[in-house]
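**Student:** Chain by chain, the residues run as shown.
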Amino acid sequence: VVACLALLFVGMLAMPHARANDTSLEYRVKAGFLFNFAKFVRWPEEVLAPGAPLRIGLLAPPDVCGTIERALADKSVAGHPLIVERLTEMATKAPPHMVFMHRSITPVERRLGTLANGHAILVVGETPDFAAEGGLIGFTNRGDTLRFQVNLEAAEHAHLQLSGQLAGLAEIVRPHR
Amino acid sequence: MNADIHRKGTLRGKLMTTVVLTALAGILFSSTTLFAYQLWSLRRQFRVEMSALARIVSDYLVAPVSFGDSSGMQDALAVLQSRPEIVRAELRQNDGTVLAHFGRSESDHEPWASPGFHGFHLQVAQQLILLDEHLGELRIEATWRPVILSAVKSFIPALLAMIVFSGIGLALFTRYRVHSLLGGLDSLTSSANRIASTGDYTVRPPVQSQDEIGTLTATFNHMLDQLQATDQTLRRLNQTLNTEIAERKRLERALVDSSRVAGMAEVATGVLHNVGNVLNSINVSAQLLRERVETSQLQGLHEVAELVRPHLTDPKDFLSSDARAPLLLQFVHELSDQLKVEQKLELQELQLLGRNVEHVKEVVAAQQNFARTSGVLEPVDLAGLMEDALRINGSSLANHRIIVRRNFAPDATVETDRHRTLQILVNLVSNAIHAVKHNPFEDRRVDLEIRADEAGFKLVVQDSGVGIAPEHLTRIFQHGFTTRKEGHGFGLHSGAIAARTLGGSLSAESEGLKCGARFTLFIPRPVQPASQPVPSPEVPGAAVSVA
Chain E
1 VVACLALLFV
11 GMLAMPHARA
21 NDTSLEYRVK
31 AGFLFNFAKF
41 VRWPEEVLAP
51 GAPLRIGLLA
61 PPDVCGTIER
71 ALADKSVAGH
81 PLIVERLTEM
91 ATKAPPHMVF
101 MHRSITPVER
111 RLGTLANGHA
121 ILVVGETPDF
131 AAEGGLIGFT
141 NRGDTLRFQV
151 NLEAAEHAHL
161 QLSGQLAGLA
171 EIVRPHR
Chain B
1 MNADIHRKGT
11 LRGKLMTTVV
21 LTALAGILFS
31 STTLFAYQLW
41 SLRRQFRVEM
51 SALARIVSDY
61 LVAPVSFGDS
71 SGMQDALAVL
81 QSRPEIVRAE
91 LRQNDGTVLA
101 HFGRSESDHE
111 PWASPGFHGF
121 HLQVAQQLIL
131 LDEHLGELRI
141 EATWRPVILS
151 AVKSFIPALL
161 AMIVFSGIGL
171 ALFTRYRVHS
181 LLGGLDSLTS
191 SANRIASTGD
201 YTVRPPVQSQ
211 DEIGTLTATF
221 NHMLDQLQAT
231 DQTLRRLNQT
241 LNTEIAERKR
251 LERALVDSSR
261 VAGMAEVATG
271 VLHNVGNVLN
281 SINVSAQLLR
291 ERVETSQLQG
301 LHEVAELVRP
311 HLTDPKDFLS
321 SDARAPLLLQ
331 FVHELSDQLK
341 VEQKLELQEL
351 QLLGRNVEHV
361 KEVVAAQQNF
371 ARTSGVLEPV
381 DLAGLMEDAL
391 RINGSSLANH
401 RIIVRRNFAP
411 DATVETDRHR
421 TLQILVNLVS
431 NAIHAVKHNP
441 FEDRRVDLEI
451 RADEAGFKLV
461 VQDSGVGIAP
471 EHLTRIFQHG
481 FTTRKEGHGF
491 GLHSGAIAAR
501 TLGGSLSAES
511 EGLKCGARFT
521 LFIPRPVQPA
531 SQPVPSPEVP
541 GAAVSVA
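In order, the protein sequence lines correspond to chains E and B.
In case it helps, our numbering puts the first sequence at residues 1 to 177.
In case it helps, our numbering puts the second sequence at residues 1 to 547.
What you were told as hints is all true, and nothing was included just to trick you.
Partner residues are not named here, just some residues of chain B that face chain E (Cβ under 7 Å, in silico):
| id | residue |
| --- | --- |
| 1 | Val62 |
| 2 | Ala63 |
| 3 | Phe67 |
| 4 | Gly72 |
It should be emphasised that the hints constitute simulated quantities derived from the structure, not laboratory data.
Ideal placement from N, C-alpha and C gives every residue a C-beta, glycine not left out.
Just chain B, with the same shape it has in the complex (with noise of 0.2 Å):
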């Protein structure tokens, strides 16, 4: 409560309020102060005058009591008795024989105490002497009461109005004083409000005095100088600042463009070599089957029915007559088997082709889900998924005659993204035919291998071909980085953006240059346990691939 009536007021009501009450508090504590010792000067002259009293009537009686005379005793203590503050007295004998005495009170028969004051009664005692000889003792015992409260009486109607009119006074004066005194400050606060809500920095209040509010008003009015000064270059820097805004903005713009642009290049570019993978394939497969249709049987089929021709009207008499016609139907039956077989040749070669063109549609649909969303995760066999990679390079093996060896852990499967893990394992595939195919027909060797271990599938594919300098083991994943002068920097580069896709990894070593490479794709499990891989013997690349 007092915290807040301490905040919410005005310093001018706060100063008004803080000296009106310090005076008033120092005049009631100067008057009590005053008082206080006013009430014992009372008391002492009190003490002083009862005790000058008792001295002066103590002499008066020496005489009295010398001469034995009672009324001259009563007189002196008449005297003391028209004292109202006296409220007894009593003159005795050295003995202890009371001569005279009055009193007024219930008290008058208590035994007299110690000489002093007790409460508010105080006692004296004065001896009676003459020449050196005491005669006797005069007692008095007084009341300062009455005293107190004829100074109370008067002291607390003098304390309220001087209280009031000092009070009506001081407020007056100080209202006066903090008026002269805060008028700089109000400039100054009506300045600073005016300066903050309306921003206008060109505000100076007066300087009216050399005081601290003329140094504080002076200081201000400087601060703001400085202020404008720094609004001004603010408002410039602000102004460029803007500008350089708008600018970066437009480049962002023509940089985000640039980068769609290069991301529907790079999703093309993929699309375009993986297809092409699979087109030497679909290519192989078709100029296979017009070999194949080229060197077929029917050709003795034909021949059997333009041998047959002549005899349609009389076939009797040509299979009874005719010699040739056991040999014919010993041909028709051996041309039916061969074309049996090449029956069941073309339609392997068909069904390769169809999945080669159905590799392409995926490659194709795979892309643009790349390009778009993430794939759709399933069980694969990783070695299914290898033999795939290695029939998609199928006829660039078989054409270079290279040697493939597989290391394949048994129960390879794992849940992932199957096309996205058939691109990567194509493309270091064709890699490592591209590595090793300048190499002698003996060296030209292709290991593949797929290890398990708990946290997952290492998929290996190691090559005894040109191998990778040091300086570009590191670069080697990025995009647009080649070697070779008809590659184009972005099969590794998508393989390993590929394989971070699928949660795994795709690295890459090499003793240097003619030392040949190894690349790994790690696909990750979530638990799977690890099994010793199977070695399997060494065939050559034609024949299993193309089988």
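Chain E with its partners taken away, still in its complex shape (with noise of 0.2 Å):
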């Protein structure tokens, strides 16, 4: 199935240069689901108004940045242009609406605190219990599939609003306190 899903979203997203690595194929499967979350959650007019170009940040080792920028390069969601920017070139600029952070992105609290500090920012990660521990999806793996988890409270206090089938489709988690 995930082979399936990966054809899926290679023939989708039309990469032009995919690696053939697991890492690269890994990477660009959640670049897909990226891009999915992006449909199903809508975000307040005041931080995305209609048109305006939709910001994707990435706390990730370069090579995955590069995979995922690819993989999303000239996409655009209700109107929305996908930009992808890696958050070390962001520091001066306004806070991003979605933040991908790799696994390797440690201590995941204080960056999360810092990143999200009640903006409204889908806070996506892949670390075990990352939507429990403060994030908003995490993803995890059951089986041979991947699957996510939200954390229902965190978006609340982002403002972000998830489609009902989003949730039907996750697994809701609660955090930790």
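Relying on the hints, combine the two individually framed chains into one complex.
**Tutor:** If you want it as structure tokens, here you go:
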């Protein structure tokens, strides 16, 4: 199924320089998930005006960032062109609308507090229990299937409106106190 | 069969049958129509429901398809599978790749047709769209046969129950209404039957309502009033008519009696008239015989007898010595010749007398036959019959010195009633004699003619007498009409009737007074060749008729 999904998203994203190794495949799949998350999440209008670019920040090693950048290049969601940025480059810019944190980014809590801090940012990570530890969506593997967990409280705190379809597809988790 | 039932049934039964059957037919039609509409609604509702279900499931499938969640896809299809009417479903991508599907029957592998109903199956196609992006398509095939069966199973018992209960209710209600509506008609019918059976026009059915039956009853009563008045008038008229009929019958009987008496008188008059004519001839014959007997030569024979009486003892001496003897013998011889002539003439006159007496008998017998039945038909020589008529009137012809001229066609024989024809001719000749007897001697002519043609014979008696006035020409054949003082107006009347009895006719012609008259008796024959008449010389009437 993963292979099928991979092929699906490869076709859908039309990556011109896809690499054949597993890391590249994994993050191309996850780039597709990030693309779909953007479809099922609604940002406040004052944060994301109609037609404004939807910025995705990456906290990840350069090769991963490169894979994701290529996968989401020239994409748009509901009239919002996707712009992928590496967070080391946006220190002086406005906060992005979505952040992907690679599993190598630690400690998570501090980073999350710095990043979110009440901003309408969809924080996606891939560390175990990422959503329960304060993130909003965390990838998790169920057998050979890639699934994801959602922290509804975090979404509410970030003033983000998640689609019921997304919520119905995800595993709902509660944050650790 | 239907016509017999329609004729024989009562109005009440027909009304009840019509109302109940019409109502049941209406119920059945309405129920069927309602059921058809219900099926149509169920079909439309089924389509709407399946479309809505497909839309809901497809919305649900957007996320699983977006994230490649096959279990989510199967979960969505499981929702469809829980519906028994859905026989198969399929989720496919835009490129035709089947992501998930399920099927219940062998038709599972049949290709999908266009969306819509195909028999009892409905196919629905719903696109999966996320933010204007087509992700794929969900197809559903469902059968609505269970819906129909369910509807039929619930409809049929309900329909039967409705028909049964409605029929019972309708029958009871219709019976009540028909009884109340037709009560006036029943009363009207029983009254009409009573009037028809008893003829009692005083019966009046009560007017029970103000509807058409009430109007009919009131009109019926009004008609009865008029009928009753007319019946009474008719009864009075009938009584009057019966009285008139009785009086008319009495008068008819009296008239018949009078007619019978008049007929008897007519017959008697005819007999007397004809017998009177013949009696004239008989009288003439008797006078002639008496004159001949008075002037007979028997006196001479008596004188001879007186002469020879003294010589009876010695006749030889008388014959030898008396000079008168040779003269006596000569005288006896001549006397014998004279007596022989006398005997011959007297014998002829006696024969004529005998024929006249015979004719009297025949006239009487003919009149009796005439009064009773028609005469016997026999071949009759019309010329001989014309001569008989002259002979019967011979004395009058001779007394008045009338000239008789004959012009008879030869072989004028026809099958007819001899005596009836003779009566006609005798009467015509007698009338001619009376018409000419006061003329100068040279102008006392009676012409007799017999003509023959293919149709029959015409026996014409024409005279040069007083003639007939034009105004009398049409009346002379009426009974009792005559222009003579001594006439009784019977001869021509009976002659015309007798001619008609013979199948012929009797006609009269005259150019006016003092112009003479011409009477023609026509006697028909079936087939007789016509012959030309042969004129005969003028002969004095007395000499010819008496000879």
